[in-house]
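Chemist: Read off the chains here:
Number of protein chains: 2
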Amino acid sequence: MTENTIIEAYHITETRLGHHNRIVQPLLTDLYQITMAYAYWKSGKTKDFSVFDLFFRKNPFQGEFTIFAGLEESLKFLKRFHYSESDIEYLRQTLPDTIDDEFFDYLSKLNTNDVTLYAVEEGSVVFPRVPLMRIEGPLIIVQLLETTLLTLVNYASLMATNAARYRMAAGDLKLLEFGLRRAQGPDGGLSASKYSYIGGFDGTSNVLAGKLFNIPVKGTHAHSYITSFTDLTELKTCMLIPKAGGEFRNVSQLAISWRLKLTSLFKVVSMEASDGELAAFISFAVAFPDGFMALVDTYDVKRSGLLNFCAVALALNDLGYQAIGIRIDSGDLAYLSNVARQFFLEISKKYDIPWFAGLTIMASNDINEETILSLNDQGHKIDCFGIGTHLVTCQRQPALGCVFKMVELNGQPRMKLSQDVGKVTMPGRKDVYRLYSESGDALIDLLQKSSEEAPQVNQKVLCRHPFEESKRAYVTPSKVEKLLRIYWKDGQIIEPLPNLSEIRNKVQASLRTLRPDIKRNLNPTPFKVAVSYNLYKFLHDLWLQNAPIGELS
Amino acid sequence: MTENTIIEAYHITETRLGHHNRIVQPLLTDLYQITMAYAYWKSGKTKDFSVFDLFFRKNPFQGEFTIFAGLEESLKFLKRFHYSESDIEYLRQTLPDTIDDEFFDYLSKLNTNDVTLYAVEEGSVVFPRVPLMRIEGPLIIVQLLETTLLTLVNYASLMATNAARYRMAAGDLKLLEFGLRRAQGPDGGLSASKYSYIGGFDGTSNVLAGKLFNIPVKGTHAHSYITSFTDLTELKTCMLIPKAGGEFRNVSQLAISWRLKLTSLFKVVSMEASDGELAAFISFAVAFPDGFMALVDTYDVKRSGLLNFCAVALALNDLGYQAIGIRIDSGDLAYLSNVARQFFLEISKKYDIPWFAGLTIMASNDINEETILSLNDQGHKIDCFGIGTHLVTCQRQPALGCVFKMVELNGQPRMKLSQDVGKVTMPGRKDVYRLYSESGDALIDLLQKSSEEAPQVNQKVLCRHPFEESKRAYVTPSKVEKLLRIYWKDGQIIEPLPNLSEIRNKVQASLRTLRPDIKRNLNPTPFKVAVSYNLYKFLHDLWLQNAPIGELS
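Heads up: the protein sequence lines correspond to chains A and B, in order.
Those letters in the first sequence? Residues 135 to 687, per the working numbering, in order.
Those letters in the second sequence? Residues 135 to 687, per the working numbering, in order.
Some clues are possibly wrong.
Pair ranges (Cβ atoms, derived) [unchecked claim]:
(1) Ser-612(A) to Arg-214(B): 36 to 42 Å
(2) Leu-678(B) to Thr-659(A): 42 to 48 Å
(3) Gln-476(A) to Asp-235(B): 40 to 46 Å
(4) Glu-236(B) to Asp-624(A): 38 to 44 Å
(5) Glu-236(B) to Lys-401(A): 40 to 46 Å
(6) Lys-401(A) to Thr-232(B): 33 to 39 Å
(7) Asp-575(A) to Asp-235(B): 51 to 57 Å
(8) Thr-232(B) to Glu-504(A): 35 to 41 Å
(9) Gly-513(B) to Arg-654(A): 42 to 48 Å
(10) Asn-668(B) to Leu-479(A): 32 to 38 Å
(11) Asp-306(B) to Glu-504(A): 39 to 45 Å
Bear in mind the hints are in silico, worked out from the structure with no lab data behind them.
On a predicted model such as this, the values are computed, not experimentally measured, just so you know.
We treat Cβ as the ideally placed atom computed from N, Cα and C, and that holds for glycine.
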């Protein structure tokens, strides 16, 4: 193959197999999974039937909810799980040379046909200790899935949760993800775009994410565009045909004359405003007459950027085009947005141009959830936030601690003991039910042994705190939802997978079932995750049976 | 092509073109770069000759140095810069339909042959305001490189810097990166492995990183391996041939008898130690007789894990094998490592097995730079740290704020003004010289206009603080290093690129030129970055000329 053929083949691969498959492969794992696999194989334990739970112990961002994401990518990973020849060759070179050669044959034939994966629906609100996935099958293969599944779920869920929190803070305002340059490299940036969209963002600046995931992409220009012009003589093209057709008109002349007219309203002298900025705006307006959005803070928002923007927007209006609005990337966003809106209103009134009052005001300087909440308190006139660093790095908590724990082996429960109660795992094969009130509020998540009968609508069920004996409650649900569904069995994805925008809707629908006090930013109420009477007894009997009795000496 | 052929082609592509090329492509950018490109094109500014600097304003992690990384990936991106047909098609659908069709023809033929890229050597210590890269060429193409270059440099440099800080804290101890599952998805994990290796780590758990970048991979087993055994009857294989050859011996019998012998030393009764854990250790030792490393904290380090480990290690010793050591993943690491070392020493002495004293003690629970420093203060006996979450998320500061600013256009300087002095950019085409003392210490970085003559060895040069008039110093360098070298010109990488381990060595060599007070963890001394007399004057004249005069009213 020539390099060109390879590149072409690559592009086909890219398109047909999708973004996901490039590096999500069985070697994307920790080496200890493979050394364990060999030791299991060597010990004749490959077919031991195991059940693992994937769950987290604490909601991120000092909040009381998490959004589950990463399921589709996980299922595609299971579907394509296969060690290539070069993988096997690499492992052969890497593992000790005492390894039996048959093991590599075994690995090269390994697939996930004997694995069954249960999961919560992607985009659902989830809580600590609830299994987001339950994975069953031969010990060796389920163990080999651990790291990759955690990698696919951890950041996806963290990012979707972060985005959902921004969405709640911003209410109905538009939210755009601008974080590519501050993410963990190229794919970090792509995952950020994808999962912030799922979490409730309206679009991204990341063009590749737009192409691969069909997410709306947005963007106008940067400060460098503005500073690339120093005065109006540099304008090589300023002619534009009116929207309705006709002769070319000179946008520059129109804008200059509008700027003069506006100086009294803006209480500035025209010469204070930057001519380079005006030239940049004019050239951009000529290039995008229907999409004129201007960055107004390169020199001075009040004395230059706003005036120049309004002059060009009014010139466009003379030709029948409507400008989109402005972006402010520095300074006091609440104050400047109020100033801008005031000018837009006055111009709208003075020149009788109704749409001018509603021009978009976008803000994009180092914004996080707290900034938005604080801007809400101060009163602002922003319509849209562009958010980068804080969103994609999840600065407040840059990792979600999902873990993958064996809970049953060959029918026998397994539990990890720990001095720290929070780290004790729930043993055995379990199911989870979400119980709802008559009004549709989620009341509690109830973990049961899988062998128990499901809770019934309108029947009282006892829910116990898993560790605090005195905390119990009877719940009579109006609706019972079984959270864990089968998604993968016999080598097939057996549930139709929703597209991104359906998952995005699911997030909002799922959040609506939560009481507001659980979702609030400050001191939210924890959502209750309970265990059935049987599971409580099972857990505590096993715990007592296994915990060593300490000895003080 | 069938799916199999595609997959095969993909694997070839994968191998030949390398990890890098999969998603690092011109569409991995912010949309505004492309809208700006169109506006430049439309304004006839495509050939304006531009100079951009890529730099950051503040060192991360409250430190006073940064490691520059990401250069090789950046150069490969330049080399392969090309909009594919499907990219063009996507842009055509995405941009407004008022766009001239010729623009897409123009884009499809665009390459980086007219771009020249200067950069600091990858792996070098760098400082705020120093250009890490200077990129020159036609405005449109240089602007189109911005986001991707920032994406490639920001996280790479942040990660390498973080790793270098851990390396300094850990001294000569071994450091392994274990962060895949907590990184920003699959590629975030790969970048973390690569750049933590460059920064000074000794290896990673990430197998794919090992395969793609030829980084040593390490790993043994997880708690689930231990809990998959409940007692010794589950051991299907415990027979092992001695290292020197001969008859199979029963490791289990040997280990059980050693465990009995050791109980008095450990002051426990044998039954306190978990039989499941012992079975797990035996099976692992049989699978990896030359690589026996055991996780000892599943039940109780002192009363079970250590005793079981020593029993199995002594059994292996009977057959001529040397165990590697233990890993502790919870509890008081300083204390437990001392306890373990004490037992190893006593056993070494009692049974006259010298290597036993030097068994590896590895720690891996939620470790960060401060934990290591605190463990150093407490006194510990750890030989190796496995570090995940804090390393890969760079928790203390999860993003480096590299920016990409136009400093010259068509020979005219450009500068971004700002109320905030720290955000004022250095205008014009510049070079940077690092001046060294006779003993080889880096004294200062000096920025000059490119038109100025380079500072000379043994000749006094005036170095000025860029903003504080009174801060000046004469420096007489014993060595002068020109930091920015040409790496890309006329469509070629023109400097031979070092491999990963050479870059890794460069990091350490570069760090050695810094005085210890600049590198210390607490209140480090800032390294001086100065400007020449000419650049100072140039900057301040331009500043006064362009800054608006405020008016209080």
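Chemist: Now tell me, hint by hint, if it's right for this structure.
Modeler: Hint check:
1. Judged by the Cβ atoms, the range 36 to 42 Å given for Ser-612(A) and Arg-214(B) is violated: they are separated by roughly 58 Å.
2. In this structure the hint that Leu-678(B) and Thr-659(A) lie 42 to 48 Å apart at CB is violated, the actual value being about 57 Å.
3. Between Gln-476(A) and Asp-235(B) the beta carbon distance is about 41 Å. The supplied range of 40 to 46 Å therefore holds.
4. Look at Glu-236(B) against Asp-624(A): about 54 Å separates their beta carbons, and that is not inside 38 to 44 Å.
5. A C-beta distance of roughly 44 Å is found between Glu-236(B) and Lys-401(A), which places it inside the suggested range of 40 to 46 Å.
6. Restraint check, Lys-401(A) to Thr-232(B): a C-beta distance of roughly 35 Å satisfies the suggested window 33 to 39 Å.
7. Asp-575(A) and Asp-235(B) have their C-beta atoms about 55 Å apart, which keeps the hinted 51 to 57 Å range intact.
8. Between Thr-232(B) and Glu-504(A) the C-beta distance comes to about 40 Å, which sits within the given range of 35 to 41 Å.
9. For the pair Gly-513(B) and Arg-654(A), the beta carbons lie near 46 Å from each other, so the given range of 42 to 48 Å is met.
10. Between Asn-668(B) and Leu-479(A) the C-beta distance comes to about 50 Å, which lies outside the given range of 32 to 38 Å.
11. Distance hint check: the CB atoms of Asp-306(B) and Glu-504(A) are about 42 Å apart, consistent with the given range 39 to 45 Å.
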